[in-house]
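Asker: All chains should be modelled from the sequences, with the hints used to inform the complete structure.
Letter by letter, the chains look like this.
2 protein chains.
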Amino acid sequence: MAVEEGQWVLMATGRSPTNIAVIKYWGKRDEALILPVNDSISVTLDPGHLSATTSVAVSPSFPSDRMWLNGKEISLSGGRFQNCLREIRKRARDVEDEKKGIRINKEDWEKLHVHIASYNNFPTAAGLASSAAGFACLVFTLGKVMNVMEDYGELSSIARQGSGSACRSIYGGFVKWCMGKNNDGSDSIAVQLADEAHWNDLVIIIAVVSSKQKETSSTSGMRDSVETSPLLQYRAQTIVPNRVLKMEEAIKSRNFESFARLTCADSNQFHAVCMDTSSPIFYMNDTSHRIINLVEKWNQSEGTPQVAYTFDAGPNAVLIAPNRKNAALLLQKLLYCFPPQDHDLSSYMVGDKSILSDAGLNSMEDVEALPAPAEMKTPNQKFKGDVSYFICSRLGAGPKVVTEETQALIDSVTGLPKEV
Amino acid sequence: MAVEEGQWVLMATGRSPTNIAVIKYWGKRDEALILPVNDSISVTLDPGHLSATTSVAVSPSFPSDRMWLNGKEISLSGGRFQNCLREIRKRARDVEDEKKGIRINKEDWEKLHVHIASYNNFPTAAGLASSAAGFACLVFTLGKVMNVMEDYGELSSIARQGSGSACRSIYGGFVKWCMGKNNDGSDSIAVQLADEAHWNDLVIIIAVVSSKQKETSSTSGMRDSVETSPLLQYRAQTIVPNRVLKMEEAIKSRNFESFARLTCADSNQFHAVCMDTSSPIFYMNDTSHRIINLVEKWNQSEGTPQVAYTFDAGPNAVLIAPNRKNAALLLQKLLYCFPPQDHDLSSYMVGDKSILSDAGLNSMEDVEALPAPAEMKTPNQKFKGDVSYFICSRLGAGPKVVTEETQALIDSVTGLPKEV
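Those protein sequences? They're chains A and B, same order as listed.
Start counting the first sequence at 4; every next residue gets the next number (my numbering).
Start counting the second sequence at 4; every next residue gets the next number (my numbering).
Hints may be right or wrong, so weigh each one.
[Unchecked claim] Quick list of simulated restraints, FRET-style, between CB atoms:
#1 A/Thr222 <-> B/Glu371: 38 to 48 Å
#2 B/Met367 <-> A/Gln384: 26 to 36 Å
#3 A/Lys102 <-> B/Asn383: 36 to 46 Å
#4 B/Asn185 <-> A/Lys387: 47 to 57 Å
None of these hints come from the bench; they were simulated from the model.
Backbone N, C-alpha and C define an ideal beta-carbon position, used for all residues, glycine too.
Answerer: See the structure below:
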């Protein structure tokens, strides 16, 4: 049965995690194909806390491709969306849904249009790699609808053309984006180094930092760095390859000391390259610096890293603790310095709120009774309001199909986004 | 006549400028001799606005060497002071003061002790290279008292052993500190590239930025950078030598565009290396970043640099304008964003206050009537209180002997610091 005009709507829904790089990607060697100047390594975050959910619907009644992000229609005309749509369409196969009596032949996909609705379970503007989760989810879910059989490596390569770091969100756990050598980008793919079960003690606390500044987009920022920073190529060619090897070894052996030292050093070096750019790019602010100083002083006083920190293209701190004990100690220090502005502890901690109990923080009275961290030199300094909220999370799995109809973002009858 | 116990006091007073590097010194290859990992270039500031004044007195009645800094006695036991005293004493010559009937033979200097009083005409804690002016002045004035005949190159090499950047304060105008090759430091000296008259249109505005953070001392900071920053040696060996050549050319030809681009890029790269250090060092704060963004946006909107900025080991901005017109325009933008907290315009501008009239700012009403800079995207942002005050200055001359008795800091009868 060939595709004909009809009322049917075929749909799939997927959910993809976000990821945070511990060896940073900064700089493209090919802008159009999004090919990086160095390998990078990331951890995938629990999609229950930070993820994108995307529904892709197809129907012969759709006159054009359309997309809605967080309930608002956005244009699909950009090259990044078009690249992903084209590459997945190219690989589309026959699809048969016996229950609905739908059969789509491989060649029909060129004529069919899609409706895409996507939603992030965390603020898009918070600078938490929403585009990584978003493009990974778009490619994954388009692939499901169109019955694409290619392996995850190839999917990662397509997601890469939407947003570089999206290729790393195709897997859970620890992921490496191999820069590749080929000019066509065919070998610039992500591979999984270890799944999320390999090192499941790790606890991740994100401090969402209030920012008044308009930030430089990472796309234009890394273009400026490639064009103007004398340090960028040296970092990419001489420093990162060695760090990647050491980081792979640290992950393999669950060596937190090495993992933490590499993570912090590479975050700082990425921001150093940003500062070496003309015009210089400042993603971290005074609050970010204070969080780093707090962690560094603690780590120094213990003689070995208790917690790692890393910052992407924004002021938010991503803090990685080796276990819940250290995460709870960290939280005590953080809440001493950055108490909630509105005295509402519950909404100040998002994600795994149970970490508050681990830290003995069951009420605002507990927060107010916190002693100053012993290693702090000016213990009277508190910065209420400088952190918007915290997220407590952990490592998580890669993209998954969501089968519950209630979770779908598109109405299977109208083919339009559900009313929220 | 040999030196005998007696009541006489012989004294000299000198004044030395501070300097600000436009190609930065960051990292020693020899800690004891203070030998740098790269050449650096600085401008000497007008000693009328920023300088150290030092009186050195000698008397057979002094039982030991003593020093007072800004009226408070400080220890001379540190290696840096001892190096300067030893090196100057080694080169001391016969001194005869016929009026006072004093004759000191060369060999007497080993037995004679000195009293030193030094005073900075700007806040020591403001991070404005007070040690550069201070050690240059100490060496210069000790040399005058002890009739040292060595050339300024050799004096700079002695001042270097007190504080690295002090060697550049031995000259006025534009100064290069040649890193040298010898292990004994004998060729690590400063040379004058051009005197202050060579390019006398330049106007220097310093924003003294309020800071709550305790800063890392530059001595320990650069030690950490040398030991831990993978970018520092690459900068020192590969990037700086080329920049030094270009900067010398820019100064020679009074090419402000090139001068400004090199100055800003090198300041940013120095701070990049600080950030690449473990633990990372943050000398600039949000206010510093805002000043950079303000200048960068202006420069970009004009297509060519209107003003250069450079930051040393602290949050203060040193802004260099090619002429009074640009300095006045800069001041309008700065005072729009950073109005004085206490409504006292006169004490908000130190040094050459006449720049306020050039900018049409004769009262607080004029400041309040300032329009938002056209290139600003969020024109409603004002940061009252984030700048403590401004200093307007220019290029200046090297160390000078101060002959007026009233300017001496030591009482020529008691041999002790004058009551202030």
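Asker: Hints first: check each against the structure and report whether it holds.
Answerer: Status of each hint after checking the structure:
Between A/Thr222 and B/Glu371 the Cβ separation comes to about 39 Å, which falls inside the hinted range of 38 to 48 Å. A C-beta distance of roughly 32 Å is found between B/Met367 and A/Gln384, which places it inside the suggested range of 26 to 36 Å. A C-beta distance of roughly 58 Å is found between A/Lys102 and B/Asn383, which places it outside the suggested range of 36 to 46 Å. Restraint check, B/Asn185 to A/Lys387: a C-beta distance of roughly 56 Å satisfies the suggested window 47 to 57 Å.
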